[in-house]
Amino acid sequence: MSFSSRRRNYMLTPHRRDGLIEWMKHMLQHSFVLDCLAQTAPTTFQHFEELIDEHRMLEGDDTKISKLQILVPTIGTFHTPLPLCAAFLIYDEKYSVTSRRHVTLSFNEIRQILNLSQVMALCSPFHASPPTHTPSPQIGLSITSPPPSPLPSFTCPKIITFDGDQTLYSDGSNFESNPSLASSLHSLLKNGITLAVVTAAGYEYSTSKYALRLTGLLKYFKEKGLTEEEAGRFYMFGGECNYLMRMNGEYELEAVKENGPGGWITSTKHLPDTPGNWSPTSITSLLSVAHTSLTSSLSDMKLPARVILKKRAVGLIPLPSKTLPRECLDECVLRVQSALHEKAGEFENLPYCAFNGGTDAWVDVGNKRVGVEILQAYLGLLPTQCLHIGDQFLNTGNDYAARTCSPCAWITCPGETGYILKKILEIGGATTMISPTTPRSSLSKSISLGDMTRRASVEQCDPSVTSDRSRTEAVMDVYTGEILPPSKKPKT
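Oh and the sequence shown: position 482 is 482 in the UniProt record's numbering, straight run, nothing missing.
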């Protein structure tokens with residue numbers, strides 16, 4: 001394909017849209033225009049459910065194509081049924097969206113309804129579907145002890161994985177003080193759930209640098225207390241899927257053994273895309289192509305940025321006190337995706353992720369699909385027992401790949417993550433819940449995921465929630481991992 005043809009295709013491809021949500025919004029538009037949304041919307045969402053059920057039934061059958069795939073060609077995998085009608089009715093009961101006459105359901109509202117339905121599917125005994133098969137004996141069970149089943153009264157995912165930036169803490173910042181979110185994470189650990197931060201941030205096995213990004217959370221865990229077994233269910237996967245760490249009984253991150261009996265790389269070699277099967281030559285070739293493309297983009301667009309090379313990543317990062325426009329970052333990502341696609345044969349289809357990080361652009365060797373699959377195999381879990389929460393689900397984001405191996409919740413800020421977790425604790429029937437500011441009785445109130453966007457922006461601006469780097473003893477450049485003197489402001 002010529003360069004001009006690829007450029008036209010990019011112009012025709014809405015790379016900052018989601019095909020399913022856009023299609024749902026279009027289908028609901030007719031009812032809104034006819035002023036009958038209250039009467040027809042529940043039926044429409046029920047129809048969405050039926051199309052998803054049919055799509056799930058036909059997955060893996062190469063001789064047939066689902067109706068949903070014909071309507072939405074970019075549709076992916078659904079790991080569970082989605083009770084969309086019930087989720088919509090709950091959402092409408094709280095926000096009366098069917099009473100509006102001038103503003104129809106928005107993209108974000110449909111996204112929130114999808115999130116709510118996914119949480120209901122995973123946490124409600126009525127909707128949760130039992131596994132159809134048991135994990136293979138070679139997966140995880142002989143590697144490490146699988147996470148204990150959640151407490152009998154608590155129905156929920158057995159593992160929840162998270163993006164880092166803009167999911168647990170503000171983009172480019174650290175988790176320094178967010179007692180509400182920390183409380184929910186602590187409660188999940190106390191209720192037998194495994195948690196893992198799967199982040200693009202890659203500092204190899206410099207565990208203290210990852211710990212610095214989670215300073216406030218680790219401090220909260222230490223203050224509230226966890227048993228050694230509970231602490232051991234908190235993992236950190238750096239560089240998408242390259243550096244696996246685990247919290248110990250001293251609330252410190254330590255590297256998980258890679259090779260030999262019980263090593264996570266050795267034990268997951270049966271997975272085709274695991275790092276244990278990567279060729280060093282392929283890694284070098286991929287990083288070289290990515291470096292050339294990003295350097296060319298920097299020069300062509302005269303960006304106030306620089307290109308840095310890590311062991312398994314290449315990044316284009318802003319110069320101190322500079323910002324890069326979203327459009328330019330998207331251009332960089334789409335260019336490098338095209339370059340890597342054209343030369344894929346040079347690195348033997350090595351898994352990678354080229355994404356717009358919000359303030360920067362990166363190409364990582366590996367991706368979050370590989371990271372989540374490794375955790376599933378290492379712990380002996382099925383996709384239906386997992387939930388991935390992140391903010392980058394467009395095709396220029398790095399959470400996008402996780403959709404193929406795990407149910408997902410698409411959030412836009414740490415405040416939304418907090419409400420997702422509270423909803424899991426509420427619907428799942430958690431027996432151990434700790435809140436530093438709110439009595440337990442208040443958690444029994446209905447918490448709609450619609451609260452996320454409406455209240456998250458206020459929570460993000462609260463000085464007690466957002467990071468204050470002037471109070472941090474050690475300051476780190478989050479792009480490079482360079483430790484800076486406390487008086488020196490990091491590059492943002």
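Careful, some of the hints might be misleading.
Said to hold, decoys possible - Derived EDC-like pairs: lysine to aspartate or glutamate, alpha-carbon spacing no greater than 16 angstroms straight-line:
#1 K302 to E331
#2 K25 to D61
#3 K190 to E426
#4 K67 to E50
#5 K322 to D477
#6 K224 to E250
#7 K190 to E254
#8 K310 to E426
To be verified - Simulated DEER-style distance windows between Cβ atoms:
#9 M27 to L484: 50 to 56 angstroms
#10 E342 to K269: 44 to 50 angstroms
#11 K269 to E59: 22 to 28 angstroms
#12 E327 to F107: 39 to 45 angstroms
#13 T480 to Y95: 30 to 36 angstroms
#14 V103 to E252: 45 to 51 angstroms
#15 V103 to T480: 20 to 26 angstroms
#16 S288 to K222: 17 to 23 angstroms
#17 E254 to E59: 36 to 42 angstroms
Derived by calculation from the structure, the hints in this document are not laboratory data. We put the CB at the ideal spot given by N, CA and C, even for glycine.
| query | Between K190 and E426, does the CA-CA distance stay at or below 16 angstroms? | reply | holds (14 angstroms)
| query | CA of K310 to CA of E426, is that 16 angstroms or under? | reply | violated (42 angstroms)
| task | With a cut-off of 16 angstroms on the C-alpha distance, tell me whether K25 and D61 pass. | result | Given that 16 angstroms is the threshold and the Cα spacing comes to 28 angstroms, the pair is violated.
| request: Starting from the range 44 to 50 angstroms, see whether the pair E342 and K269 falls in it by beta-carbon distance. | output: violated (29 angstroms)
| Does 22 to 28 angstroms hold as the CB distance between K269 and E59, or does it fail? | Given about 27 angstroms between the Cβ atoms, the range holds.
| task | Could you tell me whether the CB distance from M27 to L484 stays inside 50 to 56 angstroms? | result | holds (51 angstroms)
| Within a Cα-Cα threshold of 16 angstroms, do K67 and E50 meet the stated pairing? | Holds, because 10 angstroms separates the two Cα atoms, which is no more than 16 angstroms.
| query | Does the alpha-carbon distance linking K190 and E254 stay inside the 16 angstroms limit? | reply | Given that 16 angstroms is the threshold and the Cα spacing comes to 21 angstroms, the pair is violated.
| field | Hint check for Y95 and T480 - Cβ pair distance inside 30 to 36 angstroms | value | With a Cβ separation near 44 angstroms, T480 and Y95 fall outside 30 to 36 angstroms, so the hint is violated.
| V103 versus T480 beta-carbon gap, inside 20 to 26 angstroms or not | violated (44 angstroms)
| query | When you take the CB atoms of E327 and F107, is the distance between them in 39 to 45 angstroms? | reply | violated (19 angstroms)
| Quick one, are K302 and E331 close enough, alpha carbons at most 16 angstroms? | The hint holds at about 13 angstroms.
Hints 2, 7, 8, 10, 12, 13, 15 and 16, counting from the list given before, are not met by this structure.
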